[in-house]
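4 protein chains.
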Amino acid sequence: MRSREVKNSTPVEDIKKLRLITAIKTPYLPDGRFDLEAFDGLIHMQIKNGVEGVIVGGTTGEGQLMSWDEHIMLIGHTVNCFGGEIKVIGNTGSNSTREAIHATEQGFAVGMHAALHINPYYGKTSLDGLVVHFQSVLSMGPCVIYNVPARTGQDIPPRVIEELLGSENFAGVKECVGNARIADYSQLGIAVWSGNDDQCHDARWDFGACGVISVASNLIPGLMHDLIFDGRNRSLNQKLQPLIEWLFSEPNPIALNTALAQLGLIRPGFRLPYVPLNIEKRQQFVRIVAEVGRQHFVGNDEVRVLEDSDFLLLGRY
Amino acid sequence: MRSREVKNSTPVEDIKKLRLITAIKTPYLPDGRFDLEAFDGLIHMQIKNGVEGVIVGGTTGEGQLMSWDEHIMLIGHTVNCFGGEIKVIGNTGSNSTREAIHATEQGFAVGMHAALHINPYYGKTSLDGLVVHFQSVLSMGPCVIYNVPARTGQDIPPRVIEELLGSENFAGVKECVGNARIADYSQLGIAVWSGNDDQCHDARWDFGACGVISVASNLIPGLMHDLIFDGRNRSLNQKLQPLIEWLFSEPNPIALNTALAQLGLIRPGFRLPYVPLNIEKRQQFVRIVAEVGRQHFVGNDEVRVLEDSDFLLLGRY
Amino acid sequence: MRSREVKNSTPVEDIKKLRLITAIKTPYLPDGRFDLEAFDGLIHMQIKNGVEGVIVGGTTGEGQLMSWDEHIMLIGHTVNCFGGEIKVIGNTGSNSTREAIHATEQGFAVGMHAALHINPYYGKTSLDGLVVHFQSVLSMGPCVIYNVPARTGQDIPPRVIEELLGSENFAGVKECVGNARIADYSQLGIAVWSGNDDQCHDARWDFGACGVISVASNLIPGLMHDLIFDGRNRSLNQKLQPLIEWLFSEPNPIALNTALAQLGLIRPGFRLPYVPLNIEKRQQFVRIVAEVGRQHFVGNDEVRVLEDSDFLLLGRY
Amino acid sequence: MRSREVKNSTPVEDIKKLRLITAIKTPYLPDGRFDLEAFDGLIHMQIKNGVEGVIVGGTTGEGQLMSWDEHIMLIGHTVNCFGGEIKVIGNTGSNSTREAIHATEQGFAVGMHAALHINPYYGKTSLDGLVVHFQSVLSMGPCVIYNVPARTGQDIPPRVIEELLGSENFAGVKECVGNARIADYSQLGIAVWSGNDDQCHDARWDFGACGVISVASNLIPGLMHDLIFDGRNRSLNQKLQPLIEWLFSEPNPIALNTALAQLGLIRPGFRLPYVPLNIEKRQQFVRIVAEVGRQHFVGNDEVRVLEDSDFLLLGRY
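Residue numbers (our numbering), protein chains in the order written: chain A, 25 to 341; chain B, 25 to 341; chain C, 25 to 341; chain D, 25 to 341.
Treat the hints with caution; some may be incorrect.
[Unchecked claim] Mimicking EDC-like on lysine to aspartate or glutamate, the simulated pairs with C-alpha atoms at most 16 Å apart in a straight line are:
#1 Lys305/A with Glu331/A
#2 Lys31/A with Asp152/B
#3 Lys263/D with Asp226/D
#4 Lys263/D with Glu315/D
#5 Lys305/D with Asp152/A
#6 Lys40/C with Glu192/C
#7 Lys72/B with Asp38/B
#8 Lys31/D with Glu61/C
#9 Lys31/B with Asp64/A
#10 Lys31/C with Glu315/D
#11 Lys41/A with Asp152/A
#12 Lys305/B with Asp152/C
#13 Lys40/A with Glu326/B
#14 Lys305/D with Asp254/D
#15 Lys72/B with Asp250/B
#16 Lys305/D with Asp325/D
#17 Lys31/C with Asp152/D
#18 Lys31/B with Glu109/A
#19 Lys31/B with Glu61/A
#20 Lys305/A with Asp152/D
#21 Lys31/A with Asp250/B
#22 Lys31/D with Asp64/C
#23 Lys31/D with Glu29/C
#24 Lys305/C with Asp250/B
#25 Lys31/C with Glu269/D
[Claimed, not checked] Some, not all, of what chain A presents toward chain D, calculated at C-beta under 8 Å:
#26 Cys234
#27 Arg318
#28 His320
[Claimed, not checked] Across the chosen pairs, the derived CB separations fall in these ranges:
#29 Gly213/A with Arg311/D: 41 to 49 Å
#30 Arg26/B with Leu336/C: 36 to 44 Å
#31 Lys72/D with Asn257/C: 49 to 57 Å
#32 Asp230/B with Arg328/C: 54 to 62 Å
#33 Trp92/A with Asp230/C: 29 to 37 Å
Everything labelled a hint here was simulated from the structure, so no lab data went into it. Glycine is no exception: its CB is placed at the ideal position from the N, C-alpha and C atoms.
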């Protein structure tokens, strides 16, 4: 189903060069559909602050709560409106190989620049199965492999990655198990992005990571740009730790959703099973914004503490 | 779910100005998936020959045999690769208002320039129901209403069209009931495209049609361009009638599919319930090509008569 | 994907023996989901009044407004709760052969007794294509072919039906083109049900139809039973004509939906593109009920005229 | 969308009484569709050996590799054919609350006796989110909560379970974190099934589990029945450990799929990302069968070692 049009083909080297990629949040309307106007706004802020790529429909973007047609539509929308200014990496992975194949074909057909592929979470498989799974999609276009055992229940060990290196579409690894693993990959010449905001400064400057796929950059894209592009900066890194700790105090993107709503950039609707942070943590966020500096965060409105009654929980949509 | 990005908004006047629009064929791989490489080739020939717009997933493009995710993907693909050179009109209509709403939102989100909307075929509804149905999608972007009672079992009468004129997104009508109706609409200042290749010359030059939404232009885009742009040309129109008659000798797109396969531009796979024309008609096509002139048809290979065994019938895909 | 369990196999002769089959209405909750409690109530009334079979998700049941998962679920639900008391015929036809194959496999897998198959409406195909389409599903289980050119835009001519007779699963034809055609089939020994309530008495007693697939029997199952089982009864037939005329004064099931809401048996929600009958016709229904006799209609509440504001129009659900 | 028919309502006490439940394997045809004939065969063997319930589309049954329409169809099929002889528990859980709601409604509509609900794997959520997620489905019918952190990346702690006890539909917990947790629940009067075959004997006889939801019982239903119903039997338990260890030597259901194919009961087709065990382990299985005794395993054919070339890997289906 491949198209050979130039607009459907991105050199894998262009993906490997990316240093700051945001796992972008998906905002919702009160009835649970996508709020594309808010989404476009978030993307503009990313571009303006030097972010080079976005993951569309990652776990942060709640791809796991989308139907596939929504998911592919959002990738196509992002490519059409912003594909000239920012790289669009679609999270077309799945624990079902059939779904991963289908979504990846569709994602490349609508012009995504690269795919993010997770190992089969929940259902899991053998190491041999992992290799076959990833090889099923690698022929289609540039591909970043995503390792996050805390979500999938299963580590992708280096021997699996090594079996994929032969593919010309293998772009690199988003790695969450820590900087030792990142160093190992880096020494093998593999492009690797830290998937942990709290470790990404050290990953970049001490362990050879080419950059970060970040959640925090949804909120502070400019500061994350400084952290990744402007050389070692331990004081900035230190300064950001309380924010990052807060962001991951509950499974992501719970805190991110709460933060963007309190910054006035998205409507306060949560697709279940996500629910807002409690009031104490919502108050804490306002203090953290003050400490980091409101001007470093996206948006222009005053940050405020939302009440429980401000939030919508969406079960049917 | 609207996006306000410039790339997601086409002035309705730009749609009204289109004169030659092709209801483009969708080609398939042997396993029934889209053959995007062949599709891209067809679109390039359209652009090269001056065609100004394409209907993606119309009845000719077999939208009725697509899943919605395939359909929206194909719209997004066409926009991404060719949207700067040709207008992309997605057939996001349905006999289910819910599906029409959902598909039209998605189509505009991935950048289509306009939507084509059919009245609810098969299930049908009252005239009041027709109005509500069309109004449910008119707010989303430029919209062409499609009237083809021979397919839907129900005429859209002028009184329904008149109720839609107030919408700024109403672009016009693709009308198949004949040139008298076209003249009526034309006199009201309504943009109207003939949906009948055999009548389109007269529609354009004698009855006020702004152009045609054509099937024949899949095969002879240059000649159709001459017919629609270069003034009255009864001899050309006459010369094309045998081809057009052949094209509609069975429900479209049966003959078109057969023709493109015999011209070597698509693989000879038919998604059921379509089956190829019989051998006599396949031989007749070769004679017609010779009479009209091979050089006027798309492609460069010699036209040939395919055997029954060359065709694949696809029931599961 | 066949199962050979006894519960998944109904002798085709048991289908041919059915005389009174209701194309059952699907009722909705205010949010557009199925109202299964109301549905169960309707089925109970059918069983109690001697109706022998139901078409689930026919055009009357608005199968064209269902997702396939809803559709198969409703078939499975009906089989599970009522399959011992009434034959369940799933309308698993489609204008897409792929969808017809998939839905028919699933329908038989959840235990439906027979399938109803329409010719490909809207997209249409050649006569050869019709034969391939129907043969694609005939191997799966008992099958009734449905001919209604006023909806499909294309007649299924006898030569197509004759090509299907060789299949042991061919159960018969639901025929809407009139009693002359019914007589022809009947003389060939083909089981044929009238699809027109206004003609069904004559079809049964004068033209050889084995019975009717009825819309009116949603409202007056007992009287329809009398009409079909108890021999010629021209006065009863005459008495019912005003009701039947009213029922088809707009495309079915618009009037039926309105009637059942006014009888208090379903909630007054319409999935678009259907909208209620206007107030004059709603008042007329109350008069017709009085003339025929309230006791002959389903339900026990007093029939009433609903106001415009009582109705919900459902576009997203 | 509830139905109040008796056939759609199972007392939660009937679920709590079940002791031996099999997480049944789903067999496939060579093109990847369900092999219902083989499935029916597996269920018959379960019934014949005294198994009281089946989980349909669990992780063992590869629900994660099904489309939802396949999944609900399989539940409906099982209820229709076997619902009088064995309890049917549909795994209608999901990491998306919307999908869990939709599937659970549909599953109960087609007659399943209970639902199995997992916590949101991969996407995860907060403890507050877990409670809202489970409560979203608990109103619909009897519900077993499934805790398997090795797959989900997140433990369901007792405080979450305790918040669900108030629901009359709460049937109990399938618990995989070990027998200490089982003992705790048991002492609170909560019905709890071991989800670990290797621990289930002790869970049942020493820690208060009411029984097991078993994978091994796909192969040796009679021995598992002995183990769970006939009192302490450490020698039998010991005898089965090598088989159980083999069964879980790779992520389940890889070994189970391999075993059933080698026993001749299913076709050797694997939906990816699952691939067969390697040849050494396939040979080991034959030895294990000999040691336990072929007569204790399902099927009558001689167990054999399949070759690599015997297996089909299915990526598109």
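Evaluation of the provided hints:
With a C-alpha separation of about 12 Å, the suggested pairing of Lys305/A with Glu331/A holds against the 16 Å cut-off. Restraint check for Lys31/A and Asp152/B: the C-alpha separation of about 44 Å exceeds 16 Å, so the hint is violated. Our distance criterion of 16 Å between C-alpha atoms is met by Lys263/D and Asp226/D, whose separation comes to about 14 Å. Between Lys263/D and Glu315/D the CA atoms are separated by roughly 9 Å; this keeps the pair inside 16 Å, and the hint holds.
Taken as a hint, the Lys305/D and Asp152/A pair is honoured in the structure, with Cα atoms around 14 Å apart against an allowance of 16 Å. A hinted pair counts as satisfied when its Cα atoms are at most 16 Å apart, and Lys40/C with Glu192/C qualifies at roughly 12 Å. Between the alpha carbons of Lys72/B and Asp38/B the distance comes to roughly 20 Å, so the proposed pair goes past 16 Å and is violated. With a C-alpha separation of about 13 Å, the suggested pairing of Lys31/D with Glu61/C holds against the 16 Å cut-off.
For the hint linking Lys31/B to Asp64/A, the alpha-carbon distance of about 11 Å falls within 16 Å, and the restraint holds. Restraint check for Lys31/C and Glu315/D: not satisfied, since their Cα atoms lie roughly 38 Å apart, outside the 16 Å limit. Between Lys41/A and Asp152/A the alpha-carbon distance is near 30 Å, which puts this suggested pair outside the 16 Å criterion. Distance restraint check for Lys305/B and Asp152/C: the Cα-Cα separation of roughly 14 Å lies within the 16 Å cut-off, and the hinted pair is therefore satisfied.
Between the alpha carbons of Lys40/A and Glu326/B the distance comes to roughly 45 Å, so the proposed pair goes past 16 Å and is violated. With a C-alpha separation of about 31 Å, the suggested pairing of Lys305/D with Asp254/D is violated against the 16 Å cut-off. For the proposed pair Lys72/B and Asp250/B, the alpha carbon gap of about 14 Å is at most 16 Å, so the pair holds. Of the pairs offered as hints, the one joining Lys305/D and Asp325/D is violated, with about 20 Å between alpha carbons and a cut-off of 16 Å exceeded.
The suggested pairing of Lys31/C with Asp152/D is violated, with an alpha-carbon distance near 44 Å, which exceeds 16 Å. For the hint linking Lys31/B to Glu109/A, the alpha-carbon distance of about 13 Å falls within 16 Å, and the restraint holds. Among the hinted pairs, Lys31/B with Glu61/A is consistent with the structure: their alpha-carbon atoms are about 13 Å apart, no more than 16 Å. Taking the CA atoms of Lys305/A and Asp152/D, the gap is near 14 Å; set against the 16 Å cutoff, the hint holds.
With a C-alpha separation of about 31 Å, the suggested pair Lys31/A and Asp250/B falls outside the 16 Å cut-off, and the hint is violated. Between Lys31/D and Asp64/C the CA atoms are separated by roughly 11 Å; this keeps the pair inside 16 Å, and the hint holds. With a C-alpha separation of about 20 Å, the suggested pairing of Lys31/D with Glu29/C is violated against the 16 Å cut-off. Using a Cα cut-off of 16 Å, the hinted pair Lys305/C and Asp250/B is violated, with the two alpha carbons roughly 53 Å apart.
Between Lys31/C and Glu269/D the CA atoms are separated by roughly 38 Å; this puts the pair beyond 16 Å, and the hint is violated. Nearest Cβ of chain D to the Cβ of Cys234/A: about 25 Å, over the 8 Å cut. The hint is violated. Annotation: Arg318/A was flagged as interfacial toward chain D, and the flag is violated, the nearest CB pair being 27 Å apart, outside 8 Å. A least Cβ separation of about 27 Å between His320/A and chain D goes past the 8 Å threshold, and the interface hint is therefore violated.
Checked against the hint of 41 to 49 Å, the C-beta distance between Gly213/A and Arg311/D comes to roughly 44 Å, which is consistent with it. The given range of 36 to 44 Å is broken by Arg26/B and Leu336/C, whose C-beta atoms sit roughly 25 Å from each other. Distance hint check: the CB atoms of Lys72/D and Asn257/C are about 54 Å apart, consistent with the given range 49 to 57 Å. Between Asp230/B and Arg328/C the CB atoms are about 55 Å apart, so this pair conforms to the stated range of 54 to 62 Å.
Between Trp92/A and Asp230/C the beta carbon distance is about 54 Å. The supplied range of 29 to 37 Å is therefore violated.
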